[in-house]
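Student: One letter stands for each residue in the lines below.
Protein chains: 4
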Amino acid sequence: MTAETILRDKLATCTRIFAMQQMLGLFGHISAYDPETGRVYMSPGQGADKSTLGPDDILVADLTGRVLDGDQRLPIEWPIHTALHEARGDALAVAHLHAPFATLFGIAKREFRPVTLQGSLFSDGLPLYREPRLVKTVEQGANLAKLVGDKRGAFMRGHGITVIGHDIEEMLYATLILEDEARKSVAAASLGELDTLSPEECAAFDAEVAFSMRSARAWGYYCRLEQRWDRQPGSGVTPFT
Amino acid sequence: MTAETILRDKLATCTRIFAMQQMLGLFGHISAYDPETGRVYMSPGQGADKSTLGPDDILVADLTGRVLDGDQRLPIEWPIHTALHEARGDALAVAHLHAPFATLFGIAKREFRPVTLQGSLFSDGLPLYREPRLVKTVEQGANLAKLVGDKRGAFMRGHGITVIGHDIEEMLYATLILEDEARKSVAAASLGELDTLSPEECAAFDAEVAFSMRSARAWGYYCRLEQRWDRQPGSGVTPFT
Amino acid sequence: MTAETILRDKLATCTRIFAMQQMLGLFGHISAYDPETGRVYMSPGQGADKSTLGPDDILVADLTGRVLDGDQRLPIEWPIHTALHEARGDALAVAHLHAPFATLFGIAKREFRPVTLQGSLFSDGLPLYREPRLVKTVEQGANLAKLVGDKRGAFMRGHGITVIGHDIEEMLYATLILEDEARKSVAAASLGELDTLSPEECAAFDAEVAFSMRSARAWGYYCRLEQRWDRQPGSGVTPFT
Amino acid sequence: MTAETILRDKLATCTRIFAMQQMLGLFGHISAYDPETGRVYMSPGQGADKSTLGPDDILVADLTGRVLDGDQRLPIEWPIHTALHEARGDALAVAHLHAPFATLFGIAKREFRPVTLQGSLFSDGLPLYREPRLVKTVEQGANLAKLVGDKRGAFMRGHGITVIGHDIEEMLYATLILEDEARKSVAAASLGELDTLSPEECAAFDAEVAFSMRSARAWGYYCRLEQRWDRQPGSGVTPFT
Chain F
1 MTAETILRDK LATCTRIFAM QQMLGLFGHI SAYDPETGRV YMSPGQGADK
51 STLGPDDILV ADLTGRVLDG DQRLPIEWPI HTALHEARGD ALAVAHLHAP
101 FATLFGIAKR EFRPVTLQGS LFSDGLPLYR EPRLVKTVEQ GANLAKLVGD
151 KRGAFMRGHG ITVIGHDIEE MLYATLILED EARKSVAAAS LGELDTLSPE
201 ECAAFDAEVA FSMRSARAWG YYCRLEQRWD RQPGSGVTPF T
Chain B
1001 MTAETILRDK LATCTRIFAM QQMLGLFGHI SAYDPETGRV YMSPGQGADK
1051 STLGPDDILV ADLTGRVLDG DQRLPIEWPI HTALHEARGD ALAVAHLHAP
1101 FATLFGIAKR EFRPVTLQGS LFSDGLPLYR EPRLVKTVEQ GANLAKLVGD
1151 KRGAFMRGHG ITVIGHDIEE MLYATLILED EARKSVAAAS LGELDTLSPE
1201 ECAAFDAEVA FSMRSARAWG YYCRLEQRWD RQPGSGVTPF T
Chain R
2001 MTAETILRDK LATCTRIFAM QQMLGLFGHI SAYDPETGRV YMSPGQGADK
2051 STLGPDDILV ADLTGRVLDG DQRLPIEWPI HTALHEARGD ALAVAHLHAP
2101 FATLFGIAKR EFRPVTLQGS LFSDGLPLYR EPRLVKTVEQ GANLAKLVGD
2151 KRGAFMRGHG ITVIGHDIEE MLYATLILED EARKSVAAAS LGELDTLSPE
2201 ECAAFDAEVA FSMRSARAWG YYCRLEQRWD RQPGSGVTPF T
Chain U
3001 MTAETILRDK LATCTRIFAM QQMLGLFGHI SAYDPETGRV YMSPGQGADK
3051 STLGPDDILV ADLTGRVLDG DQRLPIEWPI HTALHEARGD ALAVAHLHAP
3101 FATLFGIAKR EFRPVTLQGS LFSDGLPLYR EPRLVKTVEQ GANLAKLVGD
3151 KRGAFMRGHG ITVIGHDIEE MLYATLILED EARKSVAAAS LGELDTLSPE
3201 ECAAFDAEVA FSMRSARAWG YYCRLEQRWD RQPGSGVTPF T
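Top to bottom, those sequences are chains F, B, R and U.
Going by this note's numbering, the first sequence wraps up at 241, each residue one higher than the last.
Going by this note's numbering, the second sequence wraps up at 1241, each residue one higher than the last.
Going by this note's numbering, the third sequence wraps up at 2241, each residue one higher than the last.
Going by this note's numbering, the fourth sequence wraps up at 3241, each residue one higher than the last.
By construction, these hints were calculated from the structure, which means they are not laboratory data.
Remember, it's a predicted structure, so these values are computed and weren't measured experimentally.
Wrong hints could be hidden among the right ones.
What the hints assert, rightly or not - Label-pair distances were calculated between CB atoms; the ranges are:
no., chain 1, residue 1, chain 2, residue 2, range
1, U, K3109, F, R73, 43 to 53 Å
2, F, A87, B, P1035, 46 to 56 Å
3, F, S198, B, G1125, 20 to 30 Å
4, F, A87, R, R2228, 28 to 38 Å
5, B, A1087, F, L63, 32 to 42 Å
6, B, A1087, F, G47, 30 to 40 Å
All C-beta atoms in this analysis are idealised placements derived from N, C-alpha and C, irrespective of residue type, glycine included.
I would like the entire structure built from these sequences, with the hints used as guidance.
Tutor: Below, the structure written as structure tokens:
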């Protein structure tokens, strides 16, 4: 298999997994960048049924947003992806989602802090992109990338989240973790003050098992679930347990 | 296809989509008005299984609530629909639903404010119809229409919501947005104070992409989901992501 | 059909509807009383799979708890049913459930008040049976019945609910309403103080449409849903919309 | 059937039931100990699809964590299981799960207290294992076992729960109860202060029906549900009602 075949296949699978998890549907798109060829692979935007997406439905563009194959339209917020692929050599995969729970940290006035071991990944926090606008221009994309800096992504006010990964597997797993942190934070906040993890505690946990190893295992697990998913609307979402 | 064929088909589809989203079931009904013929098309009321509704199940009446085809009974609250179709030339489609989350703004003492970009649509807010009664008479319908004024609908105390649209597509999408605003507001409120969008921010977002374009895309998306829905009780609801 | 055939069939159907709504499963049982024959019909207790229950699985006893047909065991809390059937001529149907939300009013220190039009039915409130014990004896049953008095049932501390009806249809609908009141109260409380309905407002609504008419319509609706339910564990629950 | 056949079969079934209940998936594992042979049976760790697990997928080790059959890898946190099996003669079954709700008592600063009759089982409370690290070494396992002492398990900060039982049936039922206590506590806390059960009230309830009898009935019930589960991702979870 060529790199393109692999990236198309993985990106379509990852899209379907996010759809199964009800984190991507009407909105949201994900991308992967191949620095060797300068090609950006991207899932389609509004209108497409993400649950049944195949490798051939993946769009290809360059870092300027020029579509390379056919005449399909990129998602309107493509600059989120190209800006981050360009700015960060370690952001070979990018997710922009309106995830039901992680998005709430762009709605409530509350700073995110990790509440579980896996959440240690986000010990440095995520900046809040305050501008309540779509990221439609190269300049807006660059501003977002600048705000992200060396973090793992950003919350976007009244909008959603953007999460990066070294590869598609890490992007998937990091995003699932962030959603779970948010979901657990919402529920636990009903019980009382949150006993968040300190930066030292996060660092100690993260040193235990490499994130790439953990994300590879999670990838295999979710791929198995997705293969036997019936793709019924509203079915599929599995708690992060 | 005649206008009637199209409206019957769209209204039945929209009813099934709301049923899939678990926003319409035992209660709730939607309507569309054809100003050329003065005919009001309406989904049936209590008792009907909305998940399997077809074009032939749609009822037809005039603006006075007189049933035009056959001897079927209109929903008891038909004056909601006729009053709004009559009062507003731009209310060619009307939904009255007991939606699980949007209804909560008719229960909790809290004013609605948009919390997401899509919610900008409701920047002007929605009035609260305080009377805890069914809207069963022409007079009650007129009072509701007067309260709605030039807004996009109303919360109804201890009852539900009424939402209008220029066409069925806009009515569906506006209602899905309102439900999502409410759902996210409930969850985010557990985390802290809500960072709602200002009128200026809402106006800026709404100027970016025409609502009619967004609602057309959403219509296509939900139609696709509905076509492959298994219609199992309790299945189908897809978060607005 | 004899009265027995009808009651067995309706009680089994009602059991399956409650199972579909995820309000009855490992726990919970419902009953109907035939004053003509003095026979009490009851769904089986722990261990039975309520989703697939048929008329032949219904148990029969007299008001003293003596099993009349075969050697099956009554649910351990049968005195809830016999006591209420005996004490109240208008309690021909009784549900004892550990419903997910209504039970919370036996856990949180908060008095129940109706928050929706349908909830007007419970305008008089429900007493709280404070004793955190099973109702296993005739004396305990009598105490519960005395506490219920002329109300529509009781919350049971740390335990569940008991709801009565004139017939199975009213018992089903009243219980579905109570569960929905509780569910909406929990969610709305996250938004702010609840704007509950006053006794006068409740009385005005209840005078509009007879409860027996509303419960008959709801019965037909839920029977239709139940007939096409796939009986998958965890599937089926339909919000009260 | 030999003891090994029975334990393998029950442990695989229990794993699938937890998967159905969405309490075990990517994370989590359970074990049973046979004191006659010194063999520890354990469900596999990350990567395995727990919904379809069979008796042959169960791993076998001794109390030192040495795998006895084949070359499969134990879950990384196997010392949780061996330490508790060793320390407690009455801990013949152990569950370590990242259950969605019970885990929240390891996140929010709030002490657990029973809120329902079944929760009386946990009247003595559960200690909080504060160390936000995986339990990967024999020493860490011993520390956890020491903390558990004579209690029924422990909450684990930012991590999950560990619950013990005299046998697999009790371990399953106790864990389902704990999850339900947590779920109801979260929801009820939105309504007001929790009216928890006092130690005396818990003791009185627990004396009524032997836990072993209750857990045997629950086992039969959940086995029946699991047998007809379609194993779709995200389907299956049945509220504890």
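Student: Verify the CB-CB distance for A1087(B) and L63(F) against the hinted window 32 to 42 Å.
Tutor: 52 Å, violated
Student: Can you tell me whether the CB distance of A87(F) to R2228(R) sits inside 28 to 38 Å?
Tutor: 53 Å, violated
Student: How does the Cβ-Cβ distance of S198(F) and G1125(B) compare with 20 to 30 Å: does it lie in that range?
Tutor: Given range 20 to 30 Å: violated, Cβ gap about 42 Å.
Student: Mind checking the hinted window 46 to 56 Å against the Cβ distance between A87(F) and P1035(B)?
Tutor: 53 Å, holds
Student: Check the following: the C-beta atoms of K3109(U) and R73(F) are separated by a distance inside 43 to 53 Å.
Tutor: 49 Å, holds
Student: Check the following: the C-beta atoms of A1087(B) and G47(F) are separated by a distance inside 30 to 40 Å.
Tutor: Between A1087(B) and G47(F), where Cβ atoms are some 33 Å apart, the hint holds.
In this structure, the earlier hints numbered 3, 4, 5 are contradicted, and the remaining ones agree with it.
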